[in-house]
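Asks: Each chain, letter by letter, is given below.
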Amino acid sequence: MIDALFLTLSALAIWSGWRVFRVDSMVRASFLLMVSFIAVGLIAVLLAAPYIGIATIFMMAVEMMVMALFMVMFMMNPAGLNPMVMVHQHRFAVVAGIVAFAGLTAAALLSDLPSRPVPESAEVVRALGHELLGPSMLIFETAGVTLLATMIGAVVLSARSGRYGDSDAGSVPPGLTPGGEPAGRKPDDGRGRPHHHGGQ
Amino acid sequence: MSWLSTLAHDAEIAVFAAVGQHGLGLTETLGRQRGVRLVSSPRHARVLLVAGEVESAQARALERLHAQIPPPRGTVWWQAPRLFERGETVIGDDPGEAIRRAAGADDPEQRPDVPPHPWRGMGPHGQGGHGMMGGNPYGRPMAMTADDIRDGLTLDAYSARFGPFLPALPPGLVLDLTMQGDVIVSAAAASPPYPQGPEGDAPTLCAARMLRLMGIGPRAAHARGALMALPKGSGMRRRLAAWLRGETVTESPAPPPNALPGREWAEAVLWLASFPPSRLRAVCPEEAA
Amino acid sequence: MIAATFALLLSLPLLVWVAAMFDRIGAGRGRVVMAPLQNGAALLLRPNTETEAPDQLNRLLAPGWYLALALVGLSVVPFAPGVVASDIATGLVLWGACEALTVVVVFLHGWSPNSPLPLIGAYRYVAIGLPAMLLSMFVLIGAALPAQSLSVAEVVEAQRDLWNVVRQPLGLPLFMALGLAITLRGPFDFAEGAELAGGASAEESGPALAAWRFARAAMLVAFSAMAATAFLGGYLGPVLPGPAWLLLKTLAVMAAAVAAGRFFARMPPARMLTFLWVVLLPLSFANLALVGVEALP
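Protein chains in written order, with this note's numbering: chain X, 1 to 200; chain B, 1001 to 1289; chain W, 2001 to 2297.
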């Protein structure tokens, strides 16, 4: 029973992963990727890691939704009304894919994985807590603060109230000399007409 | 399936109201009609009710609407001259009987089922488009990237015509909109709203229409919250509050082509509904298109 | 476990019927008992509509996924001590996954017919649905803290002395916001609101529309049962047997959700987005902080 489920889910994960590159629409591609991840999450549930498995489903649903949302917003043709090719740099991608697959397979098959069953009574959460706030504290705190700074920076940069005034009012940095040219990078095509990608 | 039909026999009749001239007040009385339910999309309807006269210039739009009601469908012309040979005409104040008869009718197709833009066999895949975003794939113009009017990000812009019978817009108003997501980038009024007479400007009706767009019924307790829900600064709160107090509003809006760009769809629809139909009609040019 | 699944499948259609009755009362329309069945039957006899170049598969499957998510969400709710359809230790996370996938399904429902109004509905629903879901995660973590477990059964047992609705008064109202969002209702109905002429469902008719509305009501049932379990002590209560208490509490939450949907006006989405991020999310943090302080030994 479990074996059959495992094989079905693996097949689903691989098939939907392959379809990601074959469909002609970016929305379909993102949700196929989601299906692939859901199958992987369910495999994790089968492997007696329910939290990891269900959390994967949860996270992937949100992530792929955000991705699809941005595609509808930013991109021409998210629905694939005009068929489009979903892959770029074909040859390089094929080679990179084979190398990565071979490398990961080799790592999984050849490395000598430790086999130390955790005793039932082990307090894993407590051990994790001691690790996080003990020897590894510097690493985790550094990473945490960096991530937080990145998030705040991204919000500040994308906010309407930009660094140099409202973004819809131009948000131009002041000149280096009084009354001089605005500092910073110049937009390449000015703020002129939208650039069209083909079509009428 | 006979038990299903038996069960469905006493169901409410789903009616889509296409409101014409002086039809707004008429449509509001339908809420009291037993066994009739007004729906907001022609796809959900069984019967097309044309309430008030529709100009022959918009016969084509009405025919399209008729075709959008899934068959079998029926038509009732309520205080409206017939623009095509379907359904029956009602002159009096109560269309109930005619609607019930129309719920058993089966109008034939009024328009041939063809896309607005021919597309079959055109383009490299026969889908009517070309390149990644050109042409009219499957009969619709493809969205094009354009600078967002708020921050200049390049987002897809989509142009389409809305109205004259979209229930969220004042009846008769036809807008040619270009939208990015649900933000209106540019607007043109192709045809003004229909005259509704003084009853169209009645405070209770105007307030009820606005509250309906916000998903609530016209009760006093709801209305305070509705005022809070409206965005500040566009006078919508002031006008709704006046209507709720029972006062008529005499403000005139700025012409929609100037006022709508930059607003997002729900806000634009509420803004349009926050003016009396007569005032809105006065600022829309008669023959703009 | 099998008995619980069976009971769940049997009771869901009845509860969906009750939900439709509540909706009729909320809308102030007569013939409360029979009209939902009659209107549903009439809808089933109408044809489905074709649109130009839709995504057939997703259009067909969206109502089914929505119903399936409601069922999976409902399956983690225990009916009585030890009686639960899916007995997993991470029930709250599973419910969270159902919430997240609901947003995806509503998006697909609006995206697949290839039509502007449904797409606008789907698209802005995502913008509102994601923060609403984030909110519910913090609230549910709050509900899980006193139980020190993500298992729904443990969450109920932890409420033997004091229900969570008393212990964390902000939790249930905030969770209701999520309920309104995932059941496309009232102030959070950005997918199918009146201003979009039916929005995400504007192109649907016949059995497809009937299935979608059934699934929507089923989601209301699932949400109400979950809210009753996480905040109102689930099956706990004197005299009456556990399942009866759960049923009563579920019906109460359902009525409250319908009433809230009719009472609060829908803001334009931009305003709602600000309200969610600036008011409701900080409130959920405050709730979590309060619960955390309380849970300290």
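Source of the hints: derived by calculation from the structure; they are not laboratory data. Certain hints may be false.
A short list of chain B residues far from chain X (calculated; beta carbon distances all over 10 Å) [to be verified]:
#1 E1055
#2 P1137
#3 G1181
#4 R1224
Computed Cβ-Cβ distance ranges for the label pairs, DEER-style [to be verified]:
#5 X/G165 x W/V2293: 34 to 44 Å
#6 B/S1278 x X/A159: 22 to 32 Å
#7 W/N2048 x X/V145: 46 to 56 Å
#8 X/V124 x W/A2259: 22 to 32 Å
#9 W/L2010 x X/T150: 35 to 45 Å
#10 X/Q89 x W/G2292: 43 to 53 Å
These numbers come from a predicted model, not from an experiment. In this text, a Cβ means the ideal position worked out from N, Cα and C, and glycines have one as well.
Asks: Checking a non-interface call: every C-beta of chain X should be farther than 10 Å from the C-beta of B/P1137. Is that right?
Replies: Per Cβ check, B/P1137 is inside 10 Å of chain X; nearest 4 Å; violated.
Asks: Just double-check B/R1224 for me: nearest Cβ-Cβ distance to chain X has to come out over 10 Å.
Replies: holds, 30 Å
Asks: Please settle this one: B/E1055 was flagged as non-interface, so is its CB more than 10 Å from every CB on chain X?
Replies: holds, 32 Å
Asks: Confirm or reject the claim that X/G165 and W/V2293 have a C-beta distance inside 34 to 44 Å.
Replies: holds, 41 Å
Asks: Please test the hint of 22 to 32 Å on the beta carbon pair from X/V124 and W/A2259.
Replies: At 45 Å between Cβs, range violated.
Asks: Taking 22 to 32 Å as the stated bounds, is the beta-carbon spacing between B/S1278 and X/A159 within them?
Replies: violated, 42 Å
Asks: Taking the Cβ atom of W/L2010 and the Cβ atom of X/T150, is their distance within the range 35 to 45 Å?
Replies: Cβ of W/L2010 to Cβ of X/T150: about 51 Å, so the range 35 to 45 Å is violated.
Asks: According to the definition I'm using, a residue is off the interface if its beta carbon is farther than 10 Å from all beta carbons of the partner; does B/G1181 meet that for chain X?
Replies: Given that some Cβ of chain X is not farther than 10 Å from that of B/G1181, nearest at about 6 Å, it is violated.
Asks: Lying within 46 to 56 Å: is that true of the beta-carbon distance W/N2048 to X/V145?
Replies: holds, 55 Å
Asks: Does the hinted range 43 to 53 Å hold for X/Q89 and W/G2292 at CB?
Replies: Since X/Q89 and W/G2292 have Cβ atoms about 49 Å apart, the given range 43 to 53 Å holds.
Consistency note: the structure conflicts with the earlier hints numbered 2, 3, 6, 8 and 9.
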